[in-house]
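Chains W and V supply the protein sequences, listed in that same order.
Anchor point for the first sequence: position 400 equals 400 in my numbering, and the numbering is continuous, going up by one each time.
For my numbering, add 757 to where a residue sits in the second sequence, where the first one is 1.
Just so you know, these hints were derived from the structure itself, not from any lab.
Just to be clear, a hint being listed does not mean it is correct.
Distance ranges between label pairs, derived from CB positions [what the hints assert, rightly or not]:
hint, chain 1, residue 1, chain 2, residue 2, range
1, V, S855, W, A715, 50 to 56 Å
2, W, L744, V, A832, 23 to 29 Å
3, W, N719, V, E819, 37 to 43 Å
4, V, F846, W, F713, 25 to 31 Å
5, V, D853, W, F745, 49 to 55 Å
6, W, V737, V, L825, 24 to 30 Å
7, W, N719, V, A832, 18 to 24 Å
8, V, M795, W, G722, 33 to 39 Å
9, V, S856, W, L744, 25 to 31 Å
10, W, I756, V, N815, 22 to 28 Å
11, V, F846, W, A715, 41 to 47 Å
12, W, F716, V, M795, 35 to 41 Å
13, V, L825, W, F745, 27 to 33 Å
14, W, A715, V, L825, 17 to 23 Å
Computed from a prediction, not measured in an experiment: that's the story for all the values here.
Backbone N, C-alpha and C define an ideal beta-carbon position, used for all residues, glycine too.
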Amino acid sequence: MHSLIQLSIVVLLLPLLSFVILIFFNRRLPRRGDFIGVGILGTAFGISAYIFWSVIVQTYDPAFRVAWDFTWIDLGNVPGVGPLEIRMGVVIDNLTSIMLAMVTLISLLVHLYSTGYMAGDKNYGRYFAFLGIFTFSMLGIVLSDNFFSIYIFWELVGLSSYLLIGFFFEKDSAADAQKKAFLANRVGDIGMWLGILILYSQFHTFSFEQIYANLAAGKFALSNGWLTAAGILLFMGCVGKSAQFPLHIWLPDAMEGPTPVSALIHAATMVAAGVYFVARIFVMLTPDALHVIAFIGASTAFMAATIAITQNDIKRVLAYSTVSQLGYMVLGLGVGAYSASLFHLVTHAFFKACLFLGSGAIIHAMHHEQDMRWMGALRKKMPWTFATFTLATLALAGLPLTSGFMSKDAILAGAIGFAEVEGGGIYYLIPVLGFFSAMLTAFYMGRQIWLVFFGESRTHLKPADNHHQAHHAHDSHATHGDAHHGAHEVHEVSWNMRAPLVILAALSVFAVYSPDPLDGAKGWFMKMIPTPATVVGEANPQIGALAAGSVAPQHAGVVRTTEVVPPPVVTEHAAPAAAHGEAKGGHVYSDPRQAEIVHAGHAAHYTAIYISSIMVVLGICMAFVVYVFKIIDPEKTANAIRPLYLFSLNKWYWDEIYEATFIKGSMVLARMLSWFDTNIVDGIVNGVATLVRKFAFANDSFDRHVVDGMVNFTAFTVNTTGAVLRKLQTGKVQTYVVMLMLVLFGYFVFYFTRLIY
Amino acid sequence: MEQLTTIGLNHYLTISAILLGLGLFAVMTRKNAIVVLMGVELILNAANINFLAFSKYNGGMEGVMFALFIIVIAAAEAAIALAIVINIFKIFKSVDVSSIDSMKE
């Protein structure tokens with residue numbers, strides 16, 4: 001076993017240890033054991049950092065991969081299924097080591113932050129235990145080398161998310177939100193499991209590597225449609241977990257959980273697990289499946305961005321922003337901008353965690369006031385929070401010199417490239433939606449910054465009844481039982497909440513990832529995470545034909561006619577590189593489609609930069625015009641376009657649509673089933689009961705008349721016979737002798753007559 | 758003629774049959790228990806005569822041996838039977854077999 005594998009298993013199990021210790025012993029430990037959680041996560045981060053160091057910094061090999069697995073359950077030859085052997089294993093490649101370091105770092109920072117944010121909560125110890133099991137499950141997803149174990153950990157993160165969303169379960173809204181999250185995720189997970197089963201039915205293995213090897217060898221016996229279906233079904237897992245349209249509804253409600261949890265689970269790691277999973281299955285996605293993914297990602301990004309601009313709750317704005325950014329990542333994977341998408345995953349994890357922790361600090365300082373309408377002028381009172389929040393906002397909006405700029409730009413460039421390669425038309429919708437969302441992002445983040453940090457303090461404007469309610473919630477939260485009077489005294493938060501903000505903000509600067517602030521592709525990240533070669537599609541068997549240039553690649557649904565087909569084995573910039581004069585050491589693509597998209601993406605790099613910068617600046621200008629210079633009054637505008645405003649404020653009415661369709665539908669179905677149950681099923685049961693009763697009556701009379709009759713008749717016969725025979729027993733010896741003689745005589749007569757005749 | 762002058766097996770068997778008939782008659786009709794016992798003795802002796810007659814005309818000593826045993830057993834039987842009759846008399850104050858029917862039913 002490779003020493004890195006051993007270390008990664010230690011990293012995986014450490015948070016589980018933290019969970020076990022804290023869930024059982026938190027009441028017996030000083031400070032409810034929070035130092036154990038923080039300490040263990042610190043150790044885990046230390047080891048992960050070492051793994052990161054040795055894999056990314058020392059080895060620096062795009063193809064680095066070590067794996068180890070063992071047989072977990074061997075069920076032998078299952079009838080109807082074939083050999084069923086479930087293996088568990090760990091794989092470490094560049095992506096894994098980056099994710100390991102990212103997850104443990106954010107988890108550590110959230111642990112540290114929570115010691116301040118959650119201080120005094122009555123379930124303080126349990127909170128850290130839940131964080132522990134979440135971190136364990138998330139690391140499990142990251143390290144898994146097969147579908148089965150990734151599915152197990154997938155469900156475990158779902159469980160941890162459920163537990164943490166409903167952490168304040170005394171509140172009905174929290175309990176409802178946790179149920180909603182769990183159910184929405186379940187819908188996606190069913191699809192994911194079906195996808196896994198399609199693959200399993202073909203190859204009898206769960207291992208990524210073996211399945212891809214088999215696919216590459218063309219051993220998939222079913223039609224390509226099935227492979228597309230498998231890809232889309234697996235993607236459903238991501239739709240649920242990463243809150244993509246149409247299962248995005250749970251994520252904004254999940255903000256009922258404690259804010260550090262929102263930062264860790266519902267912004268940085270778990271929701272990104274869906275994107276990570278799609279990245280893991282990227283090589284087996286057919287072009288059709290990728291198109292579906294790209295459109296879902298683009299529509300999610302756009303829809304969430306339009307909703308975010310009208311929300312008033314500080315966390316909900318961030319939640320919709322998260323949905324929108326996850327849409328970007330999914331869009332990126334769908335268009336084939338694999339590296340860019342994962343790059344965005346990591347950069348987004350840091351700046352969005354920073355934003356959430358910052359909003360947590362604001363909420364903490366405002367004594368659990370979450371409505372931005374009643375904030376304002378916090379810039380002077382909370383300078384650290386202001387600085388880090390602003391930096392992270394710039395990264396989210398995608399301004400140059402930030403990490404978010406590079407990653408978002410890479411995705412959008414990929415989207416343009418994709419649209420060009422696919423032949424334009426409807427495919428240009430994807431980059432257009434992407435750019436438009438970028439503008440909206442800049443707008444709503446500008447609005448948020450202004451409402452929260454600038455202007456006048458509007459705490460006193462809050463309606464009284466709301467005020468009362470807020471205090472009520474605050475009481476049940478039991479954080480600062482004695483801080484009622486301080487509703488207007490806002491202070492900067494303590495060091496253990498400030499330090500994570502600073503670290504995360506520092507990780508949102510371009511220099512961490514790339515020396516060139518305008519081009520993420522020049523950085524270590526995109527070099528270390530190259531787009532893997534696909535293992536599906538007609539591309540593979542046609543390589544020879546393509547090399548001859550005689551056959552145009554036909555990806556199901558997209559027929560390209562006269563395009564110049566690049567050679568099947570292309571270095572990243574092979575032919576076009578000379579033209580562009582930006583030859584870089586690249587990797588080899590076996591799939592011409594991918595190579596084309598990557599090339600077109602690179603060509604569109606500067607276009608993307610220009611358009612997205614213009615869009616971002618436009619968005620920020622709009623925010624300035626509306627909120628700073630007050631040239632346009634937001635309220636009047638809202639009234640002027642009231643239907644649109646309400647459409648956005650009410651989240652495109654998705655909750656209502658689901659209420660009217662699925663929930664009502666299941667109610668109707670439930671009532672139908674209930675009717676069926678009471679009338680048909682109960683009817684059958686009652687009918688059977690009646691039949692049984694009838695039968696029992698018949699049986700009873702048979703018993704009484706026939707069986708008893710026979711018994712009584714026997715008794716009667718015996719009685720009668722006995723009464724006759726009794727007469728013979730006189731008790732007189734001589735009678736018996738006479739009878740004996742008669743019998744003897746009778747016998748003689750019988751015998752002798754026989755003898756004679 | 759020879760049948761009448763020479764005593765053969767048939768004569769013995771005839772005597773034996775008459776004796777058996779008399780014994781049976783006594784057993785079946787007499788009321789006195791003692792007389793019934795005497796009838797039984799007659800029956801036994803009828804059997805004895807049969808055994809001895811067959812023994813004589815058939816050769817061999819088996820019949821003689823049987824007769825001897827029967828005499829001994831008859832003596833024992835008489836002793837036991839008389840003891841029973843004495844006991845019956847003690848209980849019922851009578852030896853009339855027709856009145857002793859308490860084992861009826």
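Open item on the list: Under the constraints set out in the numbered hints, which ones does this structure not fulfil?
Closed with: 1, 3, 4, 5, 7, 12 and 14
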